[in-house]
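Participant: The primary structure of each chain is shown beneath.
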Amino acid sequence: MNEQTHRRAQVLIQSAASITPDERGWLQTHLAACPDCRAFTSMHKELSASLPLAYAAAPLSKAEVSDRLERIQVRVGGHAKLAGLFHLSRGLAFAALALVFLLVMLAVVPGLLPDPAPLPLTDATLTPRPVTATPSLTPEPDATVAPTALPNEIPVLPPAPSPYQSISQSGGSIRGIVMQGDTAFVGMGPRLAAIDLTDPASPRLLGSSPPFQGMVNALVPHPVDPDTMIAAAGKRLIMLDVSDPANIVPLHALELPGAITSVALDPDHQILYTGGETTSRPSRSRYYVASVYLEPGGALELLDQISVDHHVTSLALGQGVLYLGSDQTSVGVYAMQFDQPGQLSAPKGLIASTPQEYRAAYHLHATRDRLFVGSYESLYAYDISTR
Amino acid sequence: MARIDDMIRQMAPDDPRLSEALVSEYFNFVYHLGCSILGDPGEADDAAQETFIRALRCLTSYQPGTNFKAWLARITVNICRSRQRKARTRQMLQDALQLRWLLQPPREQTPEEAIILSEGVRGMHQAVEALPEKYRIPVLLRYVHGMSVPEIAVVLDVPEGTLYSRLHYAHRQLRQRLSPSLFESTLTVEEER
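Protein sequence lines correspond, in order, to chains H and C.
Heads up: the first sequence begins at 461 in the working numbering, then just goes up one per residue.
Heads up: the second sequence begins at 41 in the working numbering, then just goes up one per residue.
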């Protein structure tokens, strides 16, 4: 057996899924007689089985990928603006040089400028012209032009080819929606916007808040005050007066230790639990959970705060227990018991997660007797009625 | 893949819907590829963001209908190599100044690493990490990320024959490291230049 025979065998081993029956037969015959290529095959199988485990890495959650998308878009947009300015300035400089060159040439080279046209000889007798009224500088109103108004109609996209037809579309990154009657309050980029959905096929933007320092990541209605909502934007919780959707007014803000990644509302005690991280780089991040009391129409009061050693991807409250979702590869869900509402304690691992059975909890939802865990590719339900 | 190619054909490179589609589809692949090459999630995260920024800025150089994933992987590998070179330079500087103990405290073991230990595949991991870069990266692309040899040839911009040679020598070295008694090769394939 020569080198080419071994090479052919190893090429076929590498592309085993797509080889023909004849090639497979030839390969089996060759392997039966060649210890080197058998060793190659066993190593190939060993590597295929072991290396995905040896290099397993927890995928970033959808929220984290969205966060990275925003950063990428900001940096790509910033580069495009800079590049545009650079091209503009380069163009202007070139035009200025060309103008200077042209003027110099006109001044230096005789004959380039055309001779001035001779003045026409006319009769010295001037004919008086009738005097007309000076036109008014104020234009007459044009009945055919409607007054220009700021557009508040949201453009409707053509239906997408899917079982669900899109009725309409607006805005960019939407992270939270709260409905009040026919009005939808949505976290739209760094703002809270109110959209009138009386006619779902033609939604109208009623108004929006001033921009916050950070994208709105979650939105919850105040449990007792229907005119108030709380938005989580960046590292701040912001209480907003939404009694007039056309004029959304921020009332109070509370700054937490880091960017808020998840929230869970305890409506009975008017407490909002938040999870977050203090830096954006995973290797250097510190994570926390905080509890905040929501005074009706009043301030946001920080009740308690603790550090946790894992990324809090989601939160849910059920049966007096706060569930913390994690995207670790060792624990998927933690549970935190309370001595009294809002008083936090160290979370304990509740649902295991391994690279083989990955249970990262990107979304949590608790009912009276069930905890639903939205994970990487599956939805799991756990019985929590006996806890 | 065809959907992504259609979007690239139809949308302007600075269209936010295009960047959203690309990042949603491929960020975790690029991040995982960065993790496997760099061995540090934070560095991999930064490298993944840099990859997409570079990809979106030079998207016009991608030819729809070829292989976008391989094109993206090529950018990722180049960025990771560049970061590794910088890291090595930093390391050499720190070693030279004998400040390593001061500047870089020992890193705690991550849960992922603990699992690797418990699964008994640490030997395999260490053997692959000890390979020279030109053998290690083809092995990672082939066995961790499941890319075919023709795809890896696009990523690394080397002929397929060269890649088969590199994989062959990677196998030999791994066999030597993992179980010397199994190593009984009589192959005479010359190492490519």
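A few of these clues could be false.
What the hints assert, rightly or not - Taking lysine-lysine pairs in the DSS-like style, the calculated list, with each CA pair at most 30 Å apart, reads:
1. H:695 to H:505
2. H:808 to H:505
3. H:505 to C:126
4. C:126 to C:109
5. H:522 to C:109
6. C:174 to C:109
7. H:505 to C:109
8. H:808 to H:695
9. C:126 to C:174
Derived by calculation from the structure, the hints in this document are not laboratory data.
Participant: Take the hints in turn and mark each one as holding or not.
Facilitator: We went through each hint and held it up to the structure:
1. H:695 to H:505: 48 Å, violated
2. H:808 to H:505: At roughly 39 Å apart (the allowed maximum being 30 Å), residue 505 of chain H and residue 808 of chain H break the hint.
3. H:505 to C:126: 35 Å, violated
4. C:126 to C:109: 26 Å, holds
5. H:522 to C:109: 20 Å, holds
6. C:174 to C:109: Judged against 30 Å, a Cα distance of about 20 Å means the pair holds.
7. H:505 to C:109: OK: residue 505 of chain H and residue 109 of chain C at ~25 Å, within 30 Å.
8. H:808 to H:695: This hinted pair holds, its Cα atoms lying about 25 Å apart.
9. C:126 to C:174: Holds. Residue 126 of chain C to residue 174 of chain C sits at ~17 Å (cutoff 30 Å).
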